[in-house]
Amino acid sequence: MKVEVSERGFFGEFGGAYVPEMLYPNVKELQQRYRAVIDEVGFQRELRELLHDYAGRPTPLFKARKLSARYNTEILLKREDLLHTGSHKINNTLGQILLAKRLGRTRIIAETGAGQHGVATATVCALMGLHCVVYMGEVDMARQALNVARMRLLGAEVRGVSSGSKTLKDATNEAMRDWIANPHDTHYIIGSVVGPHPFPDMVARFQSVISAEIAQQCEERGGRRPTHVIACVGGGSNAMGAFYHFVDDERVKLIGVEAAGCGLASGRSAATTALGKSGILHGSRTLFMQTSDGQVEEAHSISAGLDYPGIGPQHAYLHVSGRVSYVSVTDQESLMGARILARDEGIIPALESAHAIAYLSQAELTPEDRVVVIVSGRGDKDMETYIKSFGEGISDEI
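Each residue of the sequence shown is one higher than the one before, counting from 101 in the numbering used here.
These are computed hints drawn from the structure, not numbers from a lab.
Heads up, some of the hints might be wrong.
[Stated by the list, open to error] As a list, the in silico DSBU-like pairs of lysine-lysine whose alpha-carbon atoms are at most 30 angstroms apart:
#1 Lys166 to Lys353
#2 Lys488 to Lys166
#3 Lys163 to Lys377
#4 Lys377 to Lys488
#5 Lys377 to Lys201
#6 Lys128 to Lys377
#7 Lys266 to Lys377
#8 Lys166 to Lys128
[Stated by the list, open to error] Distance windows between CB atoms, simulated:
#9 Glu140 to Ala312: 42 to 50 angstroms
#10 Arg133 to Arg443: 27 to 35 angstroms
#11 Ile280 to Arg351: 39 to 47 angstroms
All figures in this text were calculated on a predicted structure; none of them were measured in a lab.
A virtual CB, placed ideally from N, CA and C, is assigned to each residue, including glycine.
Sequences are here, hints too, so could you generate the full structure?
The structure is reproduced here in structure tokens:
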């Protein structure tokens, strides 16, 4: 099984490009040119050099000995948190900034929740000398103040969004409106495998370096492929990158960990595959949480990067097909996952990544398994949340 996009941008029944007429020329140009541009030898050479010399790839595949002992299996951590800017997001922004320059765009816009994509976009804009505007919900700006400061220091204009839940969904809405108003000089660097075709396929290709490295690094460790690959899922870019080169190998179990928030039945969750229905969200047909009358339901997660009511269309397809197992972890469980990783291995993860770590306590694993968990980002940005949460009576026992 492969996740191949159709000519019209679909993965099975999910995907496509549902955009306002004003955006059609921009989206059509991207659809017609993105593969030719990113497959060109010079583009690939420049991207590889930047990923290696600027971003810091390849990232290590670290054997977590204490975690392995705790869960009685072999656990390997893919350390995307060690990349420049602190997360996997730089893989995609480097690719898209090179594409934007080749398309003659001089202005970049982006949306961000946890702030990591915003920082990565501001970083590549500074590197390439392009004007940068980042949209961010006011709730996320408050809980991710460090990343807001980083973006501004890098020269980006951060525009707060006060509509709706004031989180990622609303930031995406405003970025779309900006692109409609400025179609000629602006490229929208979407941060996840969401949005109209070709963004889901394009972002997945830029992030696929993660699974390519995992396959090579496992080969170097005795030739045994992982039995499991586990990654957190909001929109789903780190997970799609981690799954990409394993989708056609049924021997590898692929597990996406969504945010259950306060619980699946609480009304405060972001577990899209458990709670969502098919519909059109942000330019593509996918699964997203909806009210009884079909409106987008507000999502909740303690992690700003997972606080999104939908998932990318590839993930929707992989869920419906059964190739990937999608599970969920609550806010409280993710906090304990972060504490376990910090105490066992000396690694403080982003709250998003902590969801993937927390799932290990639920997973059915054997001593013969080789489990790769994606640490998609580092926890600097979430220290205020950790301090508040651990200061409110969470047990020191792990």
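Status of each hint after checking the structure:
no.	hint	in the structure
1	Lys166 to Lys353	23 angstroms, holds
2	Lys488 to Lys166	27 angstroms, holds
3	Lys163 to Lys377	38 angstroms, violated
4	Lys377 to Lys488	34 angstroms, violated
5	Lys377 to Lys201	37 angstroms, violated
6	Lys128 to Lys377	27 angstroms, holds
7	Lys266 to Lys377	23 angstroms, holds
8	Lys166 to Lys128	50 angstroms, violated
9	Glu140 to Ala312: 42 to 50 angstroms	19 angstroms, violated
10	Arg133 to Arg443: 27 to 35 angstroms	49 angstroms, violated
11	Ile280 to Arg351: 39 to 47 angstroms	45 angstroms, holds
Hints 3, 4, 5, 8, 9 and 10, counting from the list given before, are not met by this structure.
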